[in-house]
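Q: Now for the letters of each chain:
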Amino acid sequence: MDFSPILISMKTASAAIVFTFFVGIAFAYWVVNMKHEKVKMVCDGLLTLPLVLPPTVAGFFLLYVFGVKRPIGKFFLDFFGVKIAFSWSATVLAAIIMSLPMMYRSARGAFEQVDPNLLYAGRTLGMSEWSIFWRILFPNALSGILSGGILAFARGLGEFGATAMIAGNIAGRTQTLPLAVYSKVAAGDMQGAYQYVLILVVLSFLVVTGMNYVTYIYQRYNRR
Amino acid sequence: MDFSPILISMKTASAAIVFTFFVGIAFAYWVVNMKHEKVKMVCDGLLTLPLVLPPTVAGFFLLYVFGVKRPIGKFFLDFFGVKIAFSWSATVLAAIIMSLPMMYRSARGAFEQVDPNLLYAGRTLGMSEWSIFWRILFPNALSGILSGGILAFARGLGEFGATAMIAGNIAGRTQTLPLAVYSKVAAGDMQGAYQYVLILVVLSFLVVTGMNYVTYIYQRYNRR
Amino acid sequence: GAKKDDSKADDTKATKTEETTESAKEEEPVTLMVAAAASLQYSYEDKLIPMFEKENPNITVTGTYDSSGKLQTQIEEGIEADVFMSAATKQMNTLVDESLVDKDTVVDLLENKIVLITAADSTLDLKEFTDITKAQTVALGDPESVPVGQYSKEALTNLGLWDEVSAKASLGTNVTEVLNQVAEGSADAGIVYATDAATTDKVKVIAEAPADSLAEPAIYPVGVVTASKNKEAAQKFVDFLGTGEAIAVFEDYGFIQNK
Amino acid sequence: MKKLQVDFRKRLKNFDLQMNFAMEEGRLGILGASGCGKSMTLKTIAGIVTPDTGRIETGKTVFYDSAEKVNLTPQKRKVGYLFQNYALFPNMTVADNIAAGIRHAKRKDKRHRTEKQNVREQVKNLIEQFQLQGLENQYPVKLSGGQQQRTALARILVSRPDILLLDEPFSAMDSYLREELQIELDNRLKTFSGCSVIVSHDRDEIYKLCSHTMIMGEGSNIIFEETKKLFNQPRYMQAARLTGCKNISKAERVGPRTIRATDWGVEFCIDREIPKQLSYIGIRAHDFIPADVNDQRRENVIPVFPCGITKAPFEWTLLFQNKENPKGNMWMKQERGKEQIPEKVWVDQSKILLLE
Amino acid sequence: MKKLQVDFRKRLKNFDLQMNFAMEEGRLGILGASGCGKSMTLKTIAGIVTPDTGRIETGKTVFYDSAEKVNLTPQKRKVGYLFQNYALFPNMTVADNIAAGIRHAKRKDKRHRTEKQNVREQVKNLIEQFQLQGLENQYPVKLSGGQQQRTALARILVSRPDILLLDEPFSAMDSYLREELQIELDNRLKTFSGCSVIVSHDRDEIYKLCSHTMIMGEGSNIIFEETKKLFNQPRYMQAARLTGCKNISKAERVGPRTIRATDWGVEFCIDREIPKQLSYIGIRAHDFIPADVNDQRRENVIPVFPCGITKAPFEWTLLFQNKENPKGNMWMKQERGKEQIPEKVWVDQSKILLLE
Ligand SMILES: Nc1ncnc2c1ncn2[C@@H]1O[C@H](COP(=O)(O)OP(=O)(O)OP(=O)(O)O)[C@@H](O)[C@H]1O
Ligand SMILES: Nc1ncnc2c1ncn2[C@@H]1O[C@H](COP(=O)(O)OP(=O)(O)OP(=O)(O)O)[C@@H](O)[C@H]1O
Ligand SMILES: [Mg+2]
Ligand SMILES: [Mg+2]
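Residue numbers (my numbering), protein chains in the order written: chain S, 1 to 224; chain P, 1 to 224; chain W, 1 to 259; chain U, 1 to 356; chain A, 1 to 356.
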């Protein structure tokens, strides 16, 4: 069995979740604090979009945006020397785009459930908005944020369609676990496919349980 | 342009969300109220699984479970005369399985953020657990639940891989919008693809915004 | 950290490649990327690539396997593939027209047969290809995107069965789907390549498509990608695929040499 | 006849909560320092907190018994508990919050069936009695503290529990409203057939509303007595302090009828037998009487060395020490109007509280 | 010299909140019925609620001005606001909650830089002063009501605001602790250079702690006066009621020095000029004095028709009507010990409050 997909998938999912986590939270915070209800709803709709597109189609669009011949892809290549499409960064990109809506949406719901008086209390105590966010809003929305994190991580780990499109299925470079599973299945090697599926399941299970455990420990204050 | 995918997709997504919504909430309630932390974490991991499987793989499993030769599929066929694979119900099944984790996870996070004193208050007032759930827990977790609902709906609407596997891609019967988009894109008919994508986007946008609006109206009590 | 390393590795690889072409030193290590239709993956990975690498110790071959249509798009968008092998001529022709594949390197290497299959334990009494009309549901590849689908459609059209069959057909987005749907009994019958049918014993082959039903047989063309930086090595690989020992391997996997 | 019998033990982080009391029909007031476990006790009775061991029962039912493994749900206990922080349902208006109490009492209880029609009316009555008119459709976040408390109170009362547990029911109300609602509550409780328990920091409230009073120390009930008796003759230092005795000193017996208040450096004569376990004496600030310089009394007269004066609206407080042996401060209160600093003060023997 | 000048208007659902007052350095107490807008006023000053129009400023800075479109953030206002429901951070321990107040004051304010080292110490001091020892690492859900309130109070005090707004700071504490902490707060406020505003339902608390008192009616300030003066001579009916005058009656002028209390059916002689806008009179319950049957006084003597008696721990209250013309009830309070029902009562002319 080839172990490179495991490594690639782990690297991809980890890199993606770090990015998604913070960007998703930032978007959520931004949208929650919007004044205009209408703008808010529109932004919400836009941020949820990637979820509704079939991943392969999303992959197509990504390819049209980040392909080496397209302006943005070219820009990255010329100025940063980073080739996005068909490289490891493309697997990360695909995972991020496809998992962002979950992170964003869960974080938003969680933020909305936090008692606003706590934020006001922080303000009158002179805490900066930054530290109010990290020390009050974030910890008190943790359950929901973590839900989003778990969803986003799992989605990133399982991302297949967009990845296959924009990153390709290049063994040892961009072949993630889901792609490896696909390859095995396509070749009729169900035995090999099951092995990879098992690894995928165990991996996600470990991470999800780990994340649950961390929150459990962290949220001592909630337990009576 | 063929309009049947639109209709099929709408029917599928609606049927799926209704089921996912209630089942997801029920699972969330069940897991949140579990006594044993370890069992809880394991259940959580299991319920999050479909998210991590590439949809095609999930489709395989579904096919292996609900295929006409497999016990469950056979059972449905023999006793209810319902052939699940390759039918409209299969598209719904695929959408449900793939969107359930989001509903479950979001609802769970939301339930955990509700002040337990409210539930105790309901109990001492003699409210049944059932009405405590619907009249207290549920409304107060609405932000998070709605996030889950939106995610699940969008995911159900966009479901592609598992649907293609278990329901097939039968024009006018099981061809959903994402499948139609995929065909068009794969054939290089970007013109036709854009049309369907547009419909998909508009549709999900309307529903998401509608759901947002409903919560906005419903949650008057939160606004100061 | 990981990202940086990766791009660095890419850089060094690129510079090395340039040196190779300049000095044409046989000893300089070269990495080739082959983009091939998914159905070729196992013949490549298990046999052909090891054989080729053994003969040319300085060349390493990696593969990316997916549906031909997707690979076509990816080559259009600049994937760094050196060799492209498609499961149908349509994709190859398009790329040649767009001058993304060198026209004179293209070889119509293999031929594949399309066959009617049913589940191994099927009770349907199908005898010949035209019996497909007896099946209640049929799994085909999507003619728009899956090569085997194109051939299925062509064959059925020529047999005058397309309208009847397409009304009860599920158009799979890839061959795996078709195969599994038939194997699991979701579809009573399906049309796939003979090579695909050979990968599993859960389906049985009923009949090949009648010889006259296809104007052109299902061809697997191979060619060198224009943008390749290792054309020499790429050509070497294409040539290798045409050798007798390679063809023998292909035939083991159910392909037929195109004459 | 309904009884409430409570006997349980619960480990908390800082101490053990160990309660043991029984009461007949009537009203029990609980006084105790902040954090001594009053709310925890009520929560345990209501079934919100499960004790470690013990037994809680009423005449009719056993709520909890660790030995018999009985632990009724809060619903079955039919105990109304007014949360100290109200626990109003944020998603319901004032009227709905109150009505949330009604319906369920009815659904279970057949004899309320006939009242089904006048649910609305009942809510309306309560809204009026608790002066919440105009706020029926307001949501809790938009209520003031006192309005929230009144809503919570109305919600509990309407649910017709067998036992009523009120945790500081009037703490957020102004004195005027408080008195009105105390009368209102008093009237309601008169027609109420079950037990009720009221936790309060206001001893006048307890005195007015409760037939019995329980005093809690850190985690246990020290005293359980008839309210009147307790306020007149507090036998324990804590009781004296909580019933408003400002002057408490360590004391030691120096003769059969003589006692020394060590904190103040004063000796007092007592007209009663001095009990063995005596360790404190207490004198209420009102019980110091200015003594004329020419006063003939020699017993229990203290020469005054004044240390400070504060004036409350209708009172005047003097802080003084024993001039002949200055030690700890004593407080003396007078009504406004009689505001000279006396040379000496005198205290009636019978007014001196002997405390354990 | 710091001032707090407040003048704003805010539409609420049921009424307009319209406040207009200014105060010099010192302490302002706010008394008012439940729901009249006290907390809203404090929130507006703190910057939590934005008024519709108006101007709020201190000597140093303009907090809000609708005309100039100034609206400082709460951070920039440096106003400490004690929430009525505490608003403790549930994810922080008691010590962290208190420390959350400190650090930020420091980071902004260079002059506190030197104190950086003793942050821990400051927290420790406050925890001791507020008697929270042993609870440093407890989370708020596990605190009792009074403990939560003390933590919130400590958190505000440590943040060294320029202006201190306390919304019922002692409501959840027992009387003993309350008095201790009032003294503690009093001392701290003495060293505090800014304004402070205290909302309370306890008039004694206001009397003890505040130099000025403001009385609020539905949404506006009716009276703003020196505390002593207000309590001695309340000029308004609401002021009289809120400062504890139990007996208030509609009144009409019947002669140059004579007035009729229409609710009670009694006429009184007054030794002062009777003002034109007079519409109520008030008599404090303590100011009725039992009159001997043989008493020679004829003025302001009321024959007693007793209606009820209640006994508070140290007081005895008689509810009576005018025997010759029974109408509304009057309250009379006596200290315990003088507990006969008098035949007649008498009230000193100077003690009769003439109210608008
Ligand atoms: N959920 C809990 N778990 C553990 N300890 C708790 C919990 N809730 C409260 N405590 C602790 O138990 C003690 C008693 O709390 P309780 O709320 O009963 O006090 P209380 O008598 O009602 O005080 P207060 O008058 O301040 O409301 C306190 O020391 C508190 O810190
Ligand atoms: N967020 C809000 N939006 C609209 N109206 C509110 C809001 N909060 C409170 N109110 C209303 O404004 C009025 C004043 O409320 P406020 O909280 O200031 O009262 P309060 O004087 O503090 O009373 P209490 O002594 O009961 O705490 C109340 O009638 C209340 O219903
Ligand atoms: Mg309490
Ligand atoms: Mg208030």
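Since the hints were made in silico from the structure, they are not lab data. Be aware that one or more of the hints could be misleading.
Just a sample of chain U residues kept apart from chain A, beta carbon distances all over 12 Å, derived [stated by the list, open to error]: (1) Gln18; (2) Asn71; (3) Ala95; (4) Asp96; (5) Lys124; (6) Gln149; (7) Ala172; (8) Asp174; (9) Arg178; (10) Glu179; (11) Tyr236; (12) Asp271; (13) Arg284; (14) Asn300; (15) Asn322.
Quick list of in silico lysine-lysine cross-link-like pairs, DSS-like style, CA-CA up to 27 Å [said to hold, decoys possible]: (16) Lys246/U with Lys228/A; (17) Lys333/U with Lys351/A; (18) Lys69/S with Lys103/W; (19) Lys40/S with Lys351/A; (20) Lys142/A with Lys124/A; (21) Lys204/W with Lys74/P; (22) Lys10/A with Lys38/S; (23) Lys11/P with Lys168/W; (24) Lys103/W with Lys83/P; (25) Lys69/S with Lys231/W.
These figures come from a predicted structure and were not determined experimentally. Idealized CB from N, CA, C, for every residue including glycine.
Q: In ascending order, which of the hints set out earlier in this document are inconsistent with the structure?
A: 6, 7, 8, 9, 10, 13, 19, 24
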